[in-house]
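Novice: Throw the hints in and build the complete structure from the sequences for me.
Note that the protein sequences, when read in sequence, are chains F and R.
Heads up, the numbering used here is the position in the first sequence plus 5, with the first residue counted as 1.
Heads up, the numbering used here is the position in the second sequence plus 5, with the first residue counted as 1.
Derived from the structure by calculation, the hints contain no laboratory data.
Zero decoy hints are in this set.
Some but not every residue of chain F turned toward chain R, in silico, with C-beta under 10 angstroms: (1) E127; (2) E132; (3) N136; (4) R144; (5) R174; (6) L189; (7) E198; (8) G199; (9) A206.
Coverage of chain R stretches by chain F, computed from C-beta distances (three or more under 8 angstroms per stretch; other residues unrestricted): (10) 42–55; (11) 192–201.
C-beta: ideal position from N, C-alpha, C; glycine also.
Number of protein chains: 2
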Amino acid sequence: MTAPLERKRHASVETLERGRLRRVQIIEAATELFANAGYRGTGLAGIAAQVGVTQAGLLHHFGSKEKLLEAVVRHRSDQDHALTEEIMGDGGLAVFDRLHLLAEHNAKRPGLSQLFTVLVAENLLPEHPANAFFVERYRTLRAAVARALEAGRARGEIRADADLDAASRRLVAALDGLQTQWLLDPDEVDLVEGYRELAQAMRHELSATG
Amino acid sequence: MTAPLERKRHASVETLERGRLRRVQIIEAATELFANAGYRGTGLAGIAAQVGVTQAGLLHHFGSKEKLLEAVVRHRSDQDHALTEEIMGDGGLAVFDRLHLLAEHNAKRPGLSQLFTVLVAENLLPEHPANAFFVERYRTLRAAVARALEAGRARGEIRADADLDAASRRLVAALDGLQTQWLLDPDEVDLVEGYRELAQAMRHELSATG
DNA sequence: GTCTATATAGGGATAGAC
DNA sequence: GTCTATCCCTATATAGAC
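Specialist: Laid out in structure tokens, this is it:
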């Protein structure tokens, strides 16, 4: 039981780093394929081929398809966290001025928007593999937005009688919905423009001086 | 070429009606399973079992899984059309007063909301089987909302300087997004309440007297 | 760490009997 | 109109050689 664990510690630094590299390569390939065909519609063989290993080689790193999904979702979530923090800043109405950062980020990498839209829909029910992750993600996101708006209210920027929990739900909802319309029909729906109009409407709605 | 077609006309009325019933039964079973596991995650055998026929028997009616998907989507679309018409009415701000009809309809049948959320995500790209259907569906819906709001503006209910195309995109987006949050986390997000708050916010934003 | 080979399961679709 | 039987493909996961 302990022997194999001990043996791992003797792996060379080179091997460990190559191992991590492979993991990242696999995660990135899976990200792209999951985004296009969903988790259910993607086979491990396709991911493996894109990285240049066999399916068995891939499973050596992640153990199962579900573990790979978890890795993909956590990898992206970490990267998105920094952007969310930047947009929230110290809260208040300025949050709406910084929504364009999100729009530009998403418009530049449509595959990543697509990944989340697809995975959320594939994990709506508790029995789906990443359901708990997305339930938690939305709770955290709504809470972060609400907290940012509360800060603005404490400074007198935002009207005292606004329902900020409701506004948070609505803001997150509109961001997601606009993204879906844009992914489906980019010729008709401009994401950057949509986010800008949304920001303007919410700024007017919540402003204390308007 | 013509002979087989002629022969079909001699089928008895009873046989035809039983045939139609089976089709509807299959469509309803497929609706439920597609909603839960998606199109890709659902097998024909599961649908067939729920109706009490074999997989081959099912394919006799629809020819292929993709044709079945088309039938499911058109079946639901027809039923939703009447409700959309009712909510639009003769347009204007009253549209927002009738959004609760949509909320109640969806809340009563979460499976149908789920079906569309899942199928849209599975058909974001042009190569997906129902992509054209959903692209067209959203274009039509946005146009219907915009037309309803324009009617209200013509009557002086809605402010002259509002961008009603943008408002339509935003309304549809928020409806979809709230629905997704509710499906994912019904304990935290109330659909009826969310739609009511959304309606109130949009009424204030667009009202000519506000 | 990566391979080949394989176990085992499930998918969609077709042929032909009844 | 429905069945059984079957074809052929793809899927995930595991075993064991190198």
